[in-house]
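Those sequence lines, one after another, are chains L and G.
Quick note: the first sequence uses the UniProt record's numbering, first residue 1, plus one each step.
Quick note: the second sequence uses the UniProt record's numbering, first residue 1, plus one each step.
Simulated from the structure, these hints should not be mistaken for laboratory data.
Only true hints are included.
Quick list of simulated restraints, FRET-style, between CB atoms:
| # | chain 1 | residue 1 | chain 2 | residue 2 | range |
| --- | --- | --- | --- | --- | --- |
| 1 | G | Ser208 | L | Asp7 | 52 to 58 angstroms |
| 2 | G | Asp171 | L | Ala265 | 37 to 43 angstroms |
| 3 | L | Gln131 | G | Phe22 | 57 to 63 angstroms |
| 4 | G | Asp199 | L | Glu174 | 21 to 27 angstroms |
| 5 | L | Ala16 | G | Lys107 | 52 to 58 angstroms |
| 6 | G | Glu133 | L | Gly32 | 54 to 60 angstroms |
| 7 | G | Ala169 | L | Trp192 | 28 to 34 angstroms |
| 8 | G | Thr310 | L | Ala11 | 47 to 53 angstroms |
| 9 | L | Gly89 | G | Lys107 | 26 to 32 angstroms |
| 10 | L | Lys272 | G | Glu115 | 38 to 44 angstroms |
By construction, the Cβ of each residue, glycine as well, lies at the ideal position given by its N, Cα and C atoms.
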Amino acid sequence: MRGTLSDRMGAALLMAPLLLFLILAYAWPFLGVVKWSFTLPTPGLGQYHALLTDELVQSVFIRTLRIAAIVTLVSVTAAYAITVVWVRGSPVQRVLAEFCILVPFWISVLTRAFGWVALLSNRGLINTWLQSIGFISEPLTLVRNEFGVIVGMSHFLIPFAVFPLASAMRSLDERVLLAARGLGSSRMRTFWTVFVPMTRSGIIGSAMITFVFSLGFFVTPAILGGGRSVMIAELIYLRIFQSPDWGLGAAISVVLVVFVGALMALLFRYVKPKQLV
Amino acid sequence: MQQPGRAAEIKANGIGKSFGSFRALDNLSLDIGRGEFLTLLGPSGSGKTTFLMILAGFVQPSEGRLFSDGVDITDRPAEQRAAGMVFQGYALFPHMSVEQNIAFPLKVRKKSASEIKKRVGEMVERVGLKGHEKKLPAQLSGGQQQRVALARALVFEPGVLLLDEPFSALDKSLRGQMQAEMKRLHQETGTTFVFVTHDQSEALALSSRVAIFNHGKLLQVGRPDEVYDRPANRFVAEFLGEINMLPVKGVKPADNGATGLCEDRAVNMRCKAEAIKGDAILAIRPEDMSIAPEASANQNGIAATAVASTYLGAATKLDLTTRQGARVTVSVPNEVAAAALSKGNSVWLTWPAEKGFLLPDGGQ
Numbered sequence: 001m002r003g004t005l006s007d008r009m010g011a012a013l014l015m016a017p018l019l020l021f022l023i024l025a026y027a028w029p030f031l032g033v034v035k036w037s038f039t040l041p042t043p044g045l046g047q048y049h050a051l052l053t054d055e056l057v058q059s060v061f062i063r064t065l066r067i068a069a070i071v072t073l074v075s076v077t078a079a080y081a082i083t084v085v086w087v088r089g090s091p092v093q094r095v096l097a098e099f100c101i102l103v104p105f106w107i108s109v110l111t112r113a114f115g116w117v118a119l120l121s122n123r124g125l126i127n128t129w130l131q132s133i134g135f136i137s138e139p140l141t142l143v144r145n146e147f148g149v150i151v152g153m154s155h156f157l158i159p160f161a162v163f164p165l166a167s168a169m170r171s172l173d174e175r176v177l178l179a180a181r182g183l184g185s186s187r188m189r190t191f192w193t194v195f196v197p198m199t200r201s202g203i204i205g206s207a208m209i210t211f212v213f214s215l216g217f218f219v220t221p222a223i224l225g226g227g228r229s230v231m232i233a234e235l236i237y238l239r240i241f242q243s244p245d246w247g248l249g250a251a252i253s254v255v256l257v258v259f260v261g262a263l264m265a266l267l268f269r270y271v272k273p274k275q276l277v
Numbered sequence: 001m002q003q004p005g006r007a008a009e010i011k012a013n014g015i016g017k018s019f020g021s022f023r024a025l026d027n028l029s030l031d032i033g034r035g036e037f038l039t040l041l042g043p044s045g046s047g048k049t050t051f052l053m054i055l056a057g058f059v060q061p062s063e064g065r066l067f068s069d070g071v072d073i074t075d076r077p078a079e080q081r082a083a084g085m086v087f088q089g090y091a092l093f094p095h096m097s098v099e100q101n102i103a104f105p106l107k108v109r110k111k112s113a114s115e116i117k118k119r120v121g122e123m124v125e126r127v128g129l130k131g132h133e134k135k136l137p138a139q140l141s142g143g144q145q146q147r148v149a150l151a152r153a154l155v156f157e158p159g160v161l162l163l164d165e166p167f168s169a170l171d172k173s174l175r176g177q178m179q180a181e182m183k184r185l186h187q188e189t190g191t192t193f194v195f196v197t198h199d200q201s202e203a204l205a206l207s208s209r210v211a212i213f214n215h216g217k218l219l220q221v222g223r224p225d226e227v228y229d230r231p232a233n234r235f236v237a238e239f240l241g242e243i244n245m246l247p248v249k250g251v252k253p254a255d256n257g258a259t260g261l262c263e264d265r266a267v268n269m270r271c272k273a274e275a276i277k278g279d280a281i282l283a284i285r286p287e288d289m290s291i292a293p294e295a296s297a298n299q300n301g302i303a304a305t306a307v308a309s310t311y312l313g314a315a316t317k318l319d320l321t322t323r324q325g326a327r328v329t330v331s332v333p334n335e336v337a338a339a340a341l342s343k344g345n346s347v348w349l350t351w352p353a354e355k356g357f358l359l360p361d362g363g364q
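Isolated chain L (complex conformation):
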């Protein structure tokens, strides 16, 4: 429903500081990045042409999309299970699930990445334990590869994937589930044919958020990938701070922002913003 003119003015005023901050700290500098992408080192479309021909850039793009897709699948699946317990479990289960969802928010992404290194490295907890019980003789390579990156990123993103799912599950009419059972459907069948399809908007929202977040990940892949599975954000960093090839870094940034923007536009065609929280 539409508010009155003064209502809308009031809302605009309340949002103004955030909007101003976004413009000054994000939109304005980004325009500078766009400018670099067309002007450095020489004016023209040279950097975008390079993007299309540079095999390294392309392989990083493909790897990023692949990792993002796998991370999305893993995170949404795990988040779905946790959310079912959180929203529909017994009181004790709910508290436990809430704990599991909220605690990761209190630990910095850096700490968590190094935590995973400690767990997954060749002389980390998991390999040491598996060797001590004689299950393996040589340590498994669990880190400094895509596997490590996927584990670390999924761990970070699961809590974010939970909220759109929880919102969808909470708004679901309990009587529809009762109706399914009353009509003779087992609990399992009711879950797959009624519950899951009815939380579709939550699944879409959750997957989109996870995917979009995954595309821009920097710290986790940098630490757990150990330079061997570079993702886009790290590539931009390398081009700007190490090469230095500002034009190309800027062009990659622009492509990433446009791609993410397009994904978000697609997301909001299917899901209302308030369904995501």
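Keeping the supplied structure of chain L fixed, place chain G upon it in accordance with the hints.
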């Protein structure tokens, strides 16, 4: 078309349910006959919905047993009972078309594709939804959604159909239409219907029997005319419709019933012998009283003064005060009400002996 023989016969034996310290249902015993249309009537929180949920298997009773066709089904989960259910708000599957909604219980029962197609087609036709098969519930009107819910609950030919206030979301004219439709479906299928409502006119219009609940207790079960004309107590009398209550003194047996003093006049009543004991309450429905200029000595009648009227179209509701200060409401022809009011002084209220019934004093 279903054979009436398939309708279930249900027996509830001493059913009770507590939610913590709240007693939702207390020692309920009730037999529901094969093919009957039984209405569970009562205010909210009276236990009627709890009983329906126990019948469906969604709520487990704290004590008592439940039998269907002589088999104990108390511990049987909802999905294994052959009960169709229509929920308040319909509870249709929002992601499935009309056709898929109706096919759901058949798919669950692993019927062949050709049989599903045939039976869904028949059901769609029967509830008048032809041409809407591919639509989603959100694209249908309230009445159409109601039909889908009925079709979905009846398509697998359940022994009993449970309905939880199915018409509460519909407007008045549509309600009447759906009530007629449901009565027709009941006759066509021959299935046992158990219907929950808090609307007494709906209960009286639809049912073969009415069960009246209050505070978790079953107060009376009977045909609509039985419970309306001979309520077991004051709550039932008042819940089923407007009623006048007049104190009577010195009730004693007489020819054909009892006699007593109402506003210092002798009145005759029909009643059971056990109701006769000194002081009591005489209850008379507003439509059973009439206005007269005089009342003869052998006629039931009391003097009263008209104080206000409400025009209802077909009739007028007239409020009166008796000499001893009791308030009485009668439903009378419009011109009679106008005449009684314009006179401004005393009129007589009369009623036939068989229309007044005694409630134990206090009426509880």
